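**Student:** The hints should help you fit chain B onto chain A, whose structure is shown.
Chains A and B, in that order, give the protein sequences.
So in this note's numbering, spot 58 of the first sequence is number 72, and the numbers just go up one at a time.
So in this note's numbering, spot 115 of the second sequence is number 121, and the numbers just go up one at a time.
In case anyone wonders, no lab produced these hints; they're calculated from the structure.
None of these values were measured; they are calculated from a predicted model.
A virtual CB, placed ideally from N, CA and C, is assigned to each residue, including glycine.
Treat the hints loosely; a few may be bogus.
Only some residues are given here: those of chain A computed to face chain B with a beta carbon under 10 Å [to be verified]: (1) L34; (2) A38; (3) L44; (4) G45; (5) R56; (6) G58; (7) L59; (8) Y67; (9) A99; (10) N103; (11) V136; (12) V140; (13) A149; (14) R187; (15) G271.
Derived list of chain B stretches under chain A, where covered just means 3 residues or more per stretch with a C-beta under 8 Å from a C-beta of chain A [stated by the list, open to error]: (16) 46-55; (17) 104-113.
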Amino acid sequence: MIPLSITLRQALERLVLPILIVAALGIILLGQADRSLTERVRMGLADILAPAYGLVVWPQEQARDLLGRMRDMGRIEAENQRLRAENANLRHWYDVAAALADENAALKANLHWMPDPSPSFVTGRVVRDTSGLYARSVLVAANVDAGIHKDEIVLDGSGLVGRVTEIGSRSVRVLLLTDASSRIPVRLEVSHGAAIMAGDNSGTPRLIYYPQDNPPVEGERVVTNGEIDTMPAGLPVGQIHYVRPGQPVVIPFASLGHLDIVRVFDYGRSAVVPPDAPGRIPVRRPADSFSLPFPSPLGRG
Amino acid sequence: MTPDQAPEFQPGIQPRPSLWRRLDMLSRRGLPAALTGMAVLLLSAPFDLPGQAELLPGILLSSVFFWSVFRPASMSSPIVFLLGMLVDLLGFGPPGVMLLVVLLVHGVALSGRYGFSRAHILVLWLVFDGVSLAATALQWGLISALSLHLVPMIAFAFQWVLGVGVFPLLCVVFSTLGRSIANPDRV
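Okay, chain A solo, but in the shape it has when bound:
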């Protein structure tokens, strides 16, 4: 160590804190200027910690599982009765569904129906709820190499969960539909209105921009609209509920508070390219910059 005089050393020590405060201000500015850098560093740290968080989650799940099983044992008789009744009911609906499926197949065969491409999906476990005071998101440990891309759709067993926003090498961050920055175009199934579901960090996202002459009906199902490239129409989202008159919210089907296993769907964003609108002037590419000064005799389009 270089021998320094005591006064000089004290002066240097006094300089450390102001320098660090300036560095903190610099980090704030850097974080505002380059968000992707912050995302990368955070995902790096999350990747390192994901196995440890998995270890923390595992015993909790086991305990919850055990508790649930013990509770189930207590009411096994009533459950049995209920299941018997439900089974009888479902048997009827099974016949109805089978008949409808046959009819549907016949109708589609008559109409030369083109089937929708079936999406590929990756299943992962939610390892950490990264919701802070002002964001709602979760970290999903999944095999990213299996082909998870940004903006893909995440569903759990019962409905839409959110969208993938950041990708690491072993985990992805999912922005829940309850986050304040989440806006999802939805369709209402009974009133047939279109609306935007806007998250506000509470458990129930608000519904905005719905048609004023055709208000949402209490209890009706909300499904996705299909107006975003990555999101097909008809995914179940939730149910309308009026908190007070004139203020409809959506109660999500997915249990966003206790997410466990979710699926990340790839609906093939680049697979569908929207056709050019008829009559639109084609964008001039650099290659054909020397076009003829007079209209081509062959015409266009």
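**Tutor:** What follows is chain B alone, placed relative to chain A:
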């Protein structure tokens, strides 16, 4: 609390500083920062505890304030910087905000430590209440400014109240630790 001074200023016969002695001293001196870092990691883990996210700033500020007042050698500015970075990287807010807040709290505690360390614990608590209120207000202001909309204040009020409530408990734990296993003079 014993003052944490360099050995050359302490009178009396000192044993030879062997490797083990030095390691022991280092671990005792590093214990407060290590415990705080551990608390940050644990509170970011998915335990589904109510108020877990709001408790983290309270515990961090309490720990930084307490150790900066009573033993700045164990909570030096670079260590505070690293702790702040850790919290910011584990969180989801605008980066650098918690880092700046925690450094400022550390600076306030350092500049007033000769008065604070002699004060009664209740007076120290009141001082901490004021400092953490200012820190929380600064955090709220910065986050609102950086995200360009007013974030709800109620969560930050809850965070401040939790910090105020947890400070005396942590004081008891820390001063016990500071006298026993985190004391470099008891090597």
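**Student:** Against each hint, give a clear statement of whether it holds in the structure.
**Tutor:** Hints versus structure:
1. L34: 5 Å, holds
2. A38: Status holds, d = 4 Å.
3. L44: OK, holds: A:L44 within 10 Å of chain B, min 8 Å.
4. G45: Check passed: Cβ of A:G45 comes within 3 Å of chain B, closer than 10 Å.
5. R56: 6 Å, holds
6. G58: 9 Å, holds
7. L59: 5 Å, holds
8. Y67: Where the cut-off is 10 Å and the nearest Cβ of chain B is about 6 Å from A:Y67, the hint holds.
9. A99: With a closest approach of 34 Å, the A:A99 hint is violated.
10. N103: 35 Å, violated
11. V136: 21 Å, violated
12. V140: Where the cut-off is 10 Å and the nearest Cβ of chain B is about 8 Å from A:V140, the hint holds.
13. A149: 4 Å, holds
14. R187: Status holds, d = 9 Å.
15. G271: Result: holds, 9 Å to nearest chain B Cβ.
16. 46-55: holds (count 6)
17. 104-113: holds (count 6)
Violated hints for the displayed structure, listed by number in ascending order: 9, 10 and 11.
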